[in-house]
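Asker: Letter by letter, the chains look like this.
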Amino acid sequence: MIDAAVIPEASASLERTRSRRLPVVSLSIIVVFVLVALLAPLISPADPYEQSLRLRYRPPVWEERGSWSYPLGTDRLGRDLLSRIFHGARVSLAAGVLTVLVASAVGAAIGLVAGYYGGRVDATLMRVTDATLSFPVILLALILAVTVGPSFTNVVIAIAVILWARYARVIRGQVLTLMQLDFIAQARIAGAGAWRVITRHLLPNTLNTLVVLVTLQIGYVIIVEASLSFLGAGIPPPTPAWGGMIAEGRDVVTSAWWVSFFPGLAILLVVLAFNLIGDWLRDTLDPRLRQL
Amino acid sequence: MLRFVFFRLLQSMIALAILSVVVFVLARATGDPLHMILPMNASAEDYANARQYLGLDRPYVEQYLSFVGRALVGDFGVSIRARRPVIELLQARLPNSLKLAAFAMGVSVALAFPLGIMAAVRKGTGVDRTAQIVSILGQSLPTFWVAIVLVEVVAGRWQWLPAGGNEGFTSYVLPGFTLGWFVVAGMMRLLRSGMLEVLDSEYVKLARLKGVVETRVVWVHALKNALIPVVTFAGIYFAILVTTAIVVETVFAWPGLGRLAYDGITSRDFPVIQAVVLTTAVIVALVNLCVDCLYAVIDPRIRYAR
Chain X
46 MIDAAVIPEA
56 SASLERTRSR
66 RLPVVSLSII
76 VVFVLVALLA
86 PLISPADPYE
96 QSLRLRYRPP
106 VWEERGSWSY
116 PLGTDRLGRD
126 LLSRIFHGAR
136 VSLAAGVLTV
146 LVASAVGAAI
156 GLVAGYYGGR
166 VDATLMRVTD
176 ATLSFPVILL
186 ALILAVTVGP
196 SFTNVVIAIA
206 VILWARYARV
216 IRGQVLTLMQ
226 LDFIAQARIA
236 GAGAWRVITR
246 HLLPNTLNTL
256 VVLVTLQIGY
266 VIIVEASLSF
276 LGAGIPPPTP
286 AWGGMIAEGR
296 DVVTSAWWVS
306 FFPGLAILLV
316 VLAFNLIGDW
326 LRDTLDPRLR
336 QL
Chain C
39 MLRFVFFRLL
49 QSMIALAILS
59 VVVFVLARAT
69 GDPLHMILPM
79 NASAEDYANA
89 RQYLGLDRPY
99 VEQYLSFVGR
109 ALVGDFGVSI
119 RARRPVIELL
129 QARLPNSLKL
139 AAFAMGVSVA
149 LAFPLGIMAA
159 VRKGTGVDRT
169 AQIVSILGQS
179 LPTFWVAIVL
189 VEVVAGRWQW
199 LPAGGNEGFT
209 SYVLPGFTLG
219 WFVVAGMMRL
229 LRSGMLEVLD
239 SEYVKLARLK
249 GVVETRVVWV
259 HALKNALIPV
269 VTFAGIYFAI
279 LVTTAIVVET
289 VFAWPGLGRL
299 AYDGITSRDF
309 PVIQAVVLTT
319 AVIVALVNLC
329 VDCLYAVIDP
339 RIRYAR
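Protein chains in written order, with the numbering used here: chain X, 46 to 337; chain C, 39 to 344.
Accuracy of the hints is not assured; some may be wrong.
Said to hold, decoys possible - Covered stretches of chain C, as calculated for chain X (at least 3 residues, CB under 8 angstroms): (1) 51–59; (2) 168–178; (3) 285–299.
Keep in mind that the hints were calculated from the coordinates and are not lab data.
Idealized CB from N, CA, C, for every residue including glycine.
In isolation and in its complexed conformation, chain X is listed as follows:
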């Protein structure tokens, strides 16, 4: 596969005319969801696990039969949907952030090593990276999740096992360009070893790219985690996970639309916000990355 990220952009300034306003709305959405996730046990109107068969499929408050005790209605087991969405925010955000952190750390390390040493090391590492990149993420994540059993940790590992390759490729491309520059040559002439050049000179110069990629991928990971939970290979019930909640509401979408609608809306809002912030960061920090 050809590395588009290293093809230099002829006119990066073109995009610079675009507005650089801080994405206030997106940032607020993220802040709200992070607060909700942190404070979920305190602000939830009900226990997200408490079942009550008498209260099954209660509609949201503004519909007939709705009540303020269950603002967004209840699910098949009579559990409060709003409380479950609040607790689900913990799962989704934690999965997104953790997975991306693990993947970016591993991927960046491999990319730095491959780009610094070049030659055979580079060739070998990049073959592995290519093989990983060409593999459909959900398929392997599904196999891994079923292999090691569905659980939060395993979902994080399963997605990270594939996701690192993206970072490795982009960072390696950047390092190759950086290695041509004088300051790296000077550092090496001054006697800096591999560790020092990589950590002191190469890593800081790839940080902008890393930050942009991380932000753009948190949203993607949240969607993959939700897809896995939706397919039954993600976070196992009864833990509230947005993807799993959508799956629970799938068969009753005609009679109780709210069960799958609101978790989906939550995913949409969070992922949209992360993507918009990522776009803004990219335009601000690193316009060359426009293709990611």
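For this one, chain X is given, so just place chain C on it according to the hints.
Answerer: Chain C alone, transformed into the frame defined by chain X:
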């Protein structure tokens, strides 16, 4: 050029070989399939017999080698659950998946090209903003949620299109659109930024000075060069399409490879999992190979770099 194709082919083969080992090991690790197929009251002897009958008692290396040897000639063994040759299942499902993928790709191109090009040509106008909204939503909406909402609203409430299955052209519309949207998002972004860059270049200015009609400048002179990054990413788009198809096929009850994989994983059907994953990987690898060769033809720099 031949050299490039040869090394690129070799690289794909090595990747596939590594993958086959990984898949084999993982499929063996997903638990004992006998728990799924034998009755609850089966004795230890029954287990031993079944294990021998299915060849699960042989050494792993032997199992792997016989698996690869037979896979090369299209023999993927017998599905443990369906008790039919896996190749039959593949032959029945693969065309459906390919047709759906082709349809989705068609939808993506038909939407992404006009939108991406118009967004660049009329930068900052309503078209541009619409295109950006379509693209950012495509990347932010969970595919399976879109699928459910479409099934409920378009197929359920309005009864315009069938909700699932594979009967006639109309059944392609909903899954094809759901699948295509995600790809449209990325493709359109690439086209837009590529077009913006090219439209600003010297040779486009020259073409305009020469008096070439603006439509021709945009659709012939500029588009040709803006296409290069899109071609580069075509392989990645295809892999994304294949992946997303698993979820979409599950929601729309589409009888394709994705559904087969999902059913295979839930019932621990080793031969089916191996066959589906390897078939998918071979298809993705082939598409990537074609894309790279195509790219080398378009852009000589790639050919000589290796």
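Asker: Evaluate each hint against the coordinates.
Answerer: Checked hints:
Under the rule that three or more residues need a Cβ within less than 8 angstroms of chain X, the assignment of the region 51–59 of chain C holds, with 4 such residues. Chain X is given as covering the region 168–178 of chain C, and this holds because 4 residues of the stretch bring a CB closer than 8 angstroms to a CB of that chain, at least three being needed. Check result for the region 285–299 of chain C against chain X: holds, 4 residues qualifying (beta carbon to beta carbon below 8 angstroms, three or more required).
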